[in-house]
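Protein chains: 2
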Amino acid sequence: MNNKIVIIAPDRSLDQWVQALKDENKNLTIEIYPDDTQREETEFILTWRPPAGVFDQYPNLKVIASMGAGVHHIFAQNTIKKHIQVTKIEHPRLATDLSQFVLSICLMHIRDLYAYFKLQQKKKWKPIAYKRPNDTVVGILGFGQIGQSVGELLIKNNFQVLGYSSSSKTHENITTYHSEQQLPQFLQSCDILVCLLPLTSKTRGILNKTLFDQLKPGCYLINVGRGAHLEEDDLLEALQNGQLSGASLDVFTEEPLPQDHAFWDHKRIQITPHMASATDPFVVSEQIIANLERLQQGKAMKNRIDQKREY
Amino acid sequence: MNNKIVIIAPDRSLDQWVQALKDENKNLTIEIYPDDTQREETEFILTWRPPAGVFDQYPNLKVIASMGAGVHHIFAQNTIKKHIQVTKIEHPRLATDLSQFVLSICLMHIRDLYAYFKLQQKKKWKPIAYKRPNDTVVGILGFGQIGQSVGELLIKNNFQVLGYSSSSKTHENITTYHSEQQLPQFLQSCDILVCLLPLTSKTRGILNKTLFDQLKPGCYLINVGRGAHLEEDDLLEALQNGQLSGASLDVFTEEPLPQDHAFWDHKRIQITPHMASATDPFVVSEQIIANLERLQQGKAMKNRIDQKREY
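Those sequence lines, one after another, are chains S and P. Everything in the first sequence is counted per the working numbering, starting at 1 for the first residue and increasing by one. Everything in the second sequence is counted per the working numbering, starting at 1 for the first residue and increasing by one.
Chain S on its own, in the form it takes in the complex (with noise of 0.2 Å):
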């Protein structure tokens, strides 16, 4: 019985990874890529922004495990075979993690909060009027299994919630938006509107002028889907024209954003270092060796995503 795992993340230290999946499976064979062994063995790969056509080695591959909640990374410079299942992580901590995320920064948002840093900083007395949760409609773009939690939260902090999902749902207590021919009502509804969508070819890019001039003047942004949902110059030019009041952006098409990016100056935006929510190993690791077992017993993956969607 394969009892192996290959791990093709060269931009990850894996110390902690190698670890905790050791602590879930003593007798388990762990291999780091480039340095794995018997390539033809190989069934089973966890990976983090895998190298161009790197999966072509592996000609009994049988399942691509992504190292976090998003797969796009695996599809980015990779054709991935049909029969190969392809999973990402499922965590409850994740969601639960990114949706307190969002609150903090709708919370500080609304409070002025980074207006008083950069008003201490000059020395300036000045109480701003504040808006409270019950007066702010905060939109989720992308109201799949995370974006429900941040709703959630959200409104158990009196927040006014709208959803829009690509396919129709239905939610008890928040009004849902589907279908591009909704997108528009739901946009110029919002105060603050949060990026939640999966990366797909779909979604790329959908962070753009088209979209910024359907929502209510004065939104603000907040991106903690992935960096390539947002066309860059499309974002300057409305926080430059005031269609956009401001942006917090957890995420970068370059990550870590580089040196001479005007984002890091720019007095609208403002960065955290994808940080929003953290994949802990520990955690995780107990699903990921709970897959490898269903494989070696024939078993279907858990967390299995959809190719055709790609999320």
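By construction, these hints were calculated from the structure, which means they are not laboratory data. Worth double-checking, as some hints may not be accurate.
Which copy is meant is left open, so a pair is good if it fits within one copy or across any two.
Stated by the list, open to error - In silico DSS-like pairs for lysine-lysine, Cα to Cα no more than 27 Å straight-line:
1) K124 to K302
2) K88 to K131
3) K131 to K22
4) K126 to K88
5) K118 to K267
6) K131 to K156
7) K202 to K81
Given chain S, put chain P in place with the hints provided.
Using the frame of chain S, we list chain P on its own:
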């Protein structure tokens, strides 16, 4: 029947207050100190930071109503005769607004959002491991109506919460402490300490070296009580020696905070200009007029404070 209110609030702009009170009672006479007339007839004064000794000019004064939740300003430079009823504003929005502000600051703190602001200014990409609410103990010093509201919102958002008050209080979901004997046990458990005490002769200067030394090292302080609760030099020392990791201050002994104050450019102090909760005259004038009518009918005031306790 005396249908007059005199407003004594030399620091404040009063247009909105006058409009709001008139909206509640069209026949009301409003006079503004020092231009008010026939002081021997005045029975009801609405005030914020009254000048020293001012009430001695009103021989038939029966009610002094504070324009906010705090009343310390009434006693600061005046001795109030025992038969005069002193009232405060009590409105759920005050507690709600203040609770949301404290939640914002607690979330910002555990997510290091203030650190990220400063990293952004240095164009530095540096993810910091975050703490979660359920691993964070918030201690509420002053567990009255507002303190309990803050505690409940924090509990709802997964924080661990402890409450301390001078008199014994119990709460369904929150461990409570009281009396000086229990104070050390309370203090040594807190990751974040929130001061919500009323300002009295007993609590003045309570945030001092003796108290800081009993905290868990690295505790974070939030002062939304009053400026005079804090011994400013002791705070600077506790930040210097690491006993406190930082402080968010919304209230100050002198407001606006003077230009040359050491707090402005202290890297571990976050300043907001007394905006944790704002009293909206259009919301609270109803309860002021209701008390005026109760006075006319010979009934006791609502929201009357206990002059002995000063809150």
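Go through the numbered hints given earlier and state which of them the structure violates, listing their numbers in rising order. 1
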